Structure formats: structure tokens, C-alpha cells
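All chains, full assembly: derive it from the sequences and hints.
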Amino acid sequence: MRRPQSNVWRSRRLYVGSILAVATLLGLCEAVQSYFSYAAKKDPIRWSQAIGLGLGLWYGWAVLWFAAYWFVRRLPLEQHNWAPRLLIHLTVGIGLTLAKFVLDFPIILAFYCPKPDLLTFPVFYRIAVRTHFYSHLLISWAMLGVGHALRTYGQYWERTVLAAQLEARLARAQLQVLQMQLRPHFLFNTLNTISGLIHSDTELADRMVARLGDLLRRTLESSGSAEAALRDELDFVATYLEIDRIRFGPRLTVETFVEPEVLDATLPCLLLQPLVENAIRHGIERKSGPGRLVIRARHCGRALRIQVEDDGPGMPPDVEEGVGLSNTRARLRQLYGEDHTFLLESSATTGTCVTVEVPFRAGAEDEDGTEGAAETVAGRF
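Residue numbering for the sequence shown follows our numbering, beginning at 32 and increasing consecutively.
For the record, the hints were derived by calculation from the structure and aren't laboratory data.
Treat the hints loosely; a few may be bogus.
In silico DMTMM-like pairs for lysine to aspartate or glutamate, Cα to Cα no more than 20 Å straight-line [unchecked claim]:
#, residue 1, residue 2
1, LYS318, GLU376
2, LYS318, GLU286
3, LYS318, GLU292
Distance windows between CB atoms, simulated [to be verified]:
#, residue 1, residue 2, range
4, THR233, SER378, 35 to 41 Å
5, SER231, ARG392, 42 to 48 Å
6, LEU106, LEU51, 22 to 28 Å
7, LEU106, GLY332, 32 to 38 Å
8, GLU109, TYR46, 22 to 28 Å
9, GLY280, SER378, 24 to 30 Å
10, PRO390, HIS111, 45 to 51 Å
In this text the structure is predicted, and so the values were computed from the model without any measurement.
A virtual CB, placed ideally from N, CA and C, is assigned to each residue, including glycine.
Written as C-alpha cells, this is what we have:
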């Protein structure tokens, strides 16, 4: 994946600026050392000469660094051919050293040369090779080594970023698959309910089909969204419960306790519906008398806590979780890792309660309309 052109130029400017900054710092250190060194030898030089000499010598190394790094990128040491290429790199280090003496000659003439008529290039070159060849060679080889280290680190960083991007894409794909599994599951269950009424009470069946159409429209509107606002989830569940009220009539009582400040909090899309469906299927439906369904949502520390509770006979201990609950567990794990809670408590005396906690993230809030929105959502139940 190509980076934007502006980012490429910004990276290049940062790279060049960093090299020049390092060369400037080392050049100034060289200038201080030269000034006091010549003063100690009773051959003082001016600060302007010392600074010009130090900066000029190290800017020469900066030029050679760009050449060395260009060479490293064009001819890197690979596992299968490191031996012959190492010899080439050692030779290139010698070449960089000799090139440095060529760059140093005009710097010496410009800033410190007591007898410029006698210091010809051949004379300077012989003196430089004799006195500085090995130290300059070590610097040249060090630059090549640092170039390889930077190249290796750059490749490692690119692989790390690419792996993170691929992992994020995989997570999004897995979430989409889980949501695609949930929608048909919910649809089939609702259609089974309608099929049970279509021959016994066509009017109720017709009303359920109308409500089902509303639900399908809402699921299409939320398609592709990993998260939704709590108010939207509550509204969706209210539409879903209209279908169940047609089935159960006065047997089903729904109560909601939702703090107004959590209505704009985000949670996984289609999280509440399978929890409510599970409470009705294993709780209300298995009771012979009236049943009570309670939905709670509140801000608990740094988390949004949601509870769906019924007063049914509880889930049998040997029953396996259906698609809805297992899908919900998987989605929470995929979205939040370990930073969530999913707790299912069930007994024959207290019924079943599912508690979900996810990190609290508030969306856009409307201070003037929060309480009114809470009353509107609660009123639908």
C-alpha cells in the first residue's frame, strides 16, 4: 500500500533534517575541541575558523552518509549472499574513506592552512592517509553498519504495521461474519413464530409480519456497523418486543431502568436483541403464568453495564448456549479482548440474569434532550 505523496516528502525532510542536525552537533563539538587544542599548542585560531572547520568536516561525513545508506539499500547483506557482499562493503568503506580526504582538502584550505602555497593536494592527501586513514575507515564501516541496522529496523517496523493492519482487517471480517450469522438466526426464529399463528390467528400473524418488516429495515440500516448507540439498540428491542407482545399478550411485562446519561453510549450492534430473545425463550415462554422481563443500563465506573433479567424457571444446567449467546460472547471478545464482562446467572428460584459490561464510550450528547429521549425510549416498552 503506497503512502500519500505528502507523507513521503515529510518523511524525507525529517530524515535529511535529522542527519544535518547530528552533523551540526558533532561539528560544533569538533569546533570546541579544535579551538582549545590549537590554543594549547600555542597556535590559536579564531572561533569562526574553528566553527567553520568543525562544521565543514562533519558535513562532509553527512554527504558520505547519504551515499553509504543509498549503497546499503541497493546492495544489502542477505542471508544467502552475505559473504561476497561483505567483501564489497569492506571495499566500499575504503572508497568512502578516500573520498572523505578529497572533501576535506578545500575545508582545510578555507579555514586552517598556515602555508596554502606549500599544501598542494598530493601533499595533503599523503599526510591525511598517513595520519587519519584507519580512524576514517572505522567511521566509514560504522556508517555502513548503522545503515544496515536502520534498514533492518525499517523492514521490521513495516512488517509490524502491516501485521497490525491485517489483524484489524481480519477482526472486522470476523465481526461481519458474526453479525451475518446473527441476522438469519433472528429472522428464522421470528418466522417460526409467525408460522405458528398464521393458521390460528391471521390478524395477529399479519401484525407480526408488519413488525418484522420494521425490524428488517432497521437491520439493513445498521448493516456494516460494528457498534451502535444504546438508544438505537433499545429502540430496536422495543420493536422486537412488539412481536412478542402479540404472542404473549398480558403474560409479558417489560420494565426498563436506563440512566439518561448512557443513552448515547456505544455498544456492539445487535447486542441486546439476542439477550432479550434468550430471556423470553428460556424464561417467559417456559412459565405457565405471567412473566416479567427487566432491562437495566447504567454507568458503572469506566464501564457501561447492561443487564437483561427474567423471572422464569431458569435455564437447565445441561442446556447448550444457542447461536445468540455464543455469538454475543464471540463478538464481545473480538471487539474488546479481555476488557469486557459477560456473566450469565440462572437458577430455578430467581430466574436468569445476563450481565454485560463494556468500556463506556459516550457519543454525541444533547444536554437539552437527554431526559426527553430517555422517556421516549422507555415509553416504547
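Consistency of the hints with the structure:
no.: 1; hint: LYS318 x GLU376; verdict: 18 Å, holds
no.: 2; hint: LYS318 x GLU286; verdict: 18 Å, holds
no.: 3; hint: LYS318 x GLU292; verdict: 34 Å, violated
no.: 4; hint: THR233 x SER378: 35 to 41 Å; verdict: 40 Å, holds
no.: 5; hint: SER231 x ARG392: 42 to 48 Å; verdict: 46 Å, holds
no.: 6; hint: LEU106 x LEU51: 22 to 28 Å; verdict: 25 Å, holds
no.: 7; hint: LEU106 x GLY332: 32 to 38 Å; verdict: 58 Å, violated
no.: 8; hint: GLU109 x TYR46: 22 to 28 Å; verdict: 24 Å, holds
no.: 9; hint: GLY280 x SER378: 24 to 30 Å; verdict: 27 Å, holds
no.: 10; hint: PRO390 x HIS111: 45 to 51 Å; verdict: 48 Å, holds
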